[in-house]
Structure formats: structure tokens, C-alpha cells
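Engineer: Sequence:
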Amino acid sequence: MRLQKLLSLGMTSALTLAMMTGCTSAAAEASSGLQFDFAQNDSGFTPIFADYPYDEGVEEFYQLQHRYGEVPIPGAGNGIFISGNNHSADLFMGYVKMLDGFAPARTYHFTVSFKLATNVESNLVGAGGAPGESVAVKCGITPMEPVAMAAESEALNYYRMNIDTGSQGSSGKDMVVVGDMAKTENNRPGEYEFKEFQAEFDVAANIQGEVFLIIGTDSGFEAATSYYLDDISVSWEDISQP
Numbered sequence: 001m002r003l004q005k006l007l008s009l010g011m012t013s014a015l016t017l018a019m020m021t022g023c024t025s026a027a028a029e030a031s032s033g034l035q036f037d038f039a040q041n042d043s044g045f046t047p048i049f050a051d052y053p054y055d056e057g058v059e060e061f062y063q064l065q066h067r068y069g070e071v072p073i074p075g076a077g078n079g080i081f082i083s084g085n086n087h088s089a090d091l092f093m094g095y096v097k098m099l100d101g102f103a104p105a106r107t108y109h110f111t112v113s114f115k116l117a118t119n120v121e122s123n124l125v126g127a128g129g130a131p132g133e134s135v136a137v138k139c140g141i142t143p144m145e146p147v148a149m150a151a152e153s154e155a156l157n158y159y160r161m162n163i164d165t166g167s168q169g170s171s172g173k174d175m176v177v178v179g180d181m182a183k184t185e186n187n188r189p190g191e192y193e194f195k196e197f198q199a200e201f202d203v204a205a206n207i208q209g210e211v212f213l214i215i216g217t218d219s220g221f222e223a224a225t226s227y228y229l230d231d232i233s234v235s236w237e238d239i240s241q242p
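Taking my numbering, the leading residue of the sequence shown gets 1, the next gets one more, and so forth.
Since the hints were derived computationally from the structure, they do not count as laboratory data. Everything numeric in this text was worked out from a predicted model, so none of it was measured. Any given hint might turn out to be false.
Stated by the list, open to error - Simulated pairs of lysine to any residue, SDA-like, Cα-Cα distance not exceeding 20 Å: (1) K115 - A204; (2) K195 - E121; (3) K173 - D202; (4) K195 - T184; (5) K195 - A224; (6) K173 - G190; (7) K195 - S233; (8) K183 - N119; (9) K183 - I73; (10) K115 - G75; (11) K115 - F201; (12) K115 - E200; (13) K173 - F197; (14) K195 - A182; (15) K173 - A204; (16) K115 - T46; (17) K173 - E210; (18) K115 - I48; (19) K195 - N119; (20) K183 - Q198; (21) K115 - Y68; (22) K115 - Q40.
What the hints assert, rightly or not - The following label-pair restraints were derived from C-beta to C-beta distances: (23) Y54 - E145: 13 to 21 Å; (24) P53 - H109: 37 to 45 Å; (25) P53 - G75: 37 to 45 Å; (26) V147 - S170: 44 to 52 Å.
Just so you know, even glycine gets a beta-carbon here, dropped at the ideal spot from N, CA and C.
Just need the whole structure built from these sequences, with the hints factored in.
Structural biologist: Below, the structure is given as C-alpha cells:
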């Protein structure tokens, strides 16, 4: 495991301010990191939904929602919320964040950690699959900006991702499965609890010196899924050959 150096309280006040205001420049550091606790705002994370038809009224039918607000766990503070009803049996939803200031075309080893607040019990039965175990939690870092694009699929027009997110419980080239939505504790039905996830990636920045962090879920459960993301950390080390 390569040693990673996260930003700490001992860093300069300028970097601390950058984290609070959502600025994500890597400042050309060979080894550094960023943390997002969402105490002040959504830090510029953008919601994204895919694998559903595009037509008038579809967003309302799929109950697609997102917002910044309080996580319903005592003492947790604020986070970013997302929700959708999986009528397509394959709904993808999550958040994207651009990180810049890297050396163009140089390869970095990234470590991503985050918390996901879920209220789904384990070992439940649901339409198409379990509401916990059949909803895969995925994470990725890519030099290409993740976008949901209109595409024709089986004579239907669908929004599809322009990156390889994998299919439901399978990883793709650009995103890996890090877990699922099922709670680890089942003694508080209906209450939210945090699950913690981590993933590592070797990715080259694009020619603009950017990479894109994406965290989301890929659902085989054919009903509503809702969750909050909080305490997202990204650290990196330049591993390009001299």
C-alpha cells in the first residue's frame, strides 16, 4: 500500500478555505488530497442519473430527486442526498465532481473513501432483487467527464452513461463495485446508518490536468432507493515514471 498524504489541520489557511468553498485544484502537488464534509455547501458535486427513458414526465415518474441537506443521523451534519425509483430495472444514480490542477497526462494513484447513509435492512426480499444487496455501490475516477447521454436502445430512447460503469453488481472499466446498500446493523429498523467505503485507482489526468470523481449506485431492485453521501476524501500520489 502506497503511503497517502491527506490534507490536515496543519495545512495552510488558503488550502483550508479552498476545501470549504468547494475549490478542488490539486495545485500541481505530487502527493496531496482533498476532503469534503459538506458542512457549508454541496462542494460542487453534480447529481447524475442514467439508464432510464427520456420522455416528457419521466423524471417525475421515476421520482428522481437530489438535494443538499441534513443527514438524518444524530451528529452527522449535512450531506448530499439522491433518490430514484427503479422502474427501468437498471437505474444508475450518483454524484460527479471535477478535480483539477494535476499535471496533464501524468498518472496518479488515487485513494477514495466516503460514507453512505442508508436505511435499508439486510436480507430483505424485493421486486427484481433485494433492496439492499441488489443495489451496488460504485466508485470511479476517470479523465473523461461522466455524462448521461441520449441513446437509442431496443427502439427506445434512453439516457446512458458515456463511461463504463459496469452492469448492476458488476464493475466496469471506469467504476468498481465497493459494496451494497444493506445496513450492517438490523436492530434499528427504518433508521439511517453510515457505511464506509474505499477504493483505489491508477488514472492519468487529461490534457487539461483534470480527473472526475464519480460515486453512485447501480440498482437491480425495482423500486425506490435513497441515500446520503458524506465525508468524501480523495488522496493521490504521482506514480508516473521520470
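Engineer: Taking the hints in turn, state whether each one holds.
Structural biologist: Here is how each hint holds up against the structure:
1. K115 - A204: Violated, because 25 Å separates the two Cα atoms, which is more than 20 Å.
2. K195 - E121: 12 Å, holds
3. K173 - D202: 12 Å, holds
4. K195 - T184: 8 Å, holds
5. K195 - A224: Roughly 19 Å between the alpha carbons, so the hint for K195 and A224 holds.
6. K173 - G190: With a Cα-Cα distance of about 35 Å, the restraint between K173 and G190 is violated, given a limit of 20 Å.
7. K195 - S233: Satisfied, since the Cα-Cα distance of roughly 14 Å is no more than 20 Å.
8. K183 - N119: Holds, at about 7 Å.
9. K183 - I73: 14 Å, holds
10. K115 - G75: Status holds; Cα separation ~14 Å.
11. K115 - F201: Measuring from Cα to Cα gives roughly 18 Å; hence the hint holds.
12. K115 - E200: Since the Cα atoms of K115 and E200 sit roughly 15 Å apart, the hinted pair holds (cutoff 20 Å).
13. K173 - F197: 19 Å, holds
14. K195 - A182: 9 Å, holds
15. K173 - A204: Within the cut-off at roughly 14 Å; holds.
16. K115 - T46: 17 Å, holds
17. K173 - E210: Between K173 and E210 the Cα gap is close to 18 Å, so the pair holds against 20 Å.
18. K115 - I48: Distance ~18 Å between K115 and I48 Cα, so the pair holds.
19. K195 - N119: Judged against 20 Å, a Cα distance of about 10 Å means the pair holds.
20. K183 - Q198: 16 Å, holds
21. K115 - Y68: 15 Å, holds
22. K115 - Q40: 17 Å, holds
23. Y54 - E145: 13 to 21 Å: At 19 Å between Cβs, range holds.
24. P53 - H109: 37 to 45 Å: About 39 Å separates the Cβ atoms of P53 and H109, which means 37 to 45 Å holds.
25. P53 - G75: 37 to 45 Å: 40 Å, holds
26. V147 - S170: 44 to 52 Å: 21 Å, violated
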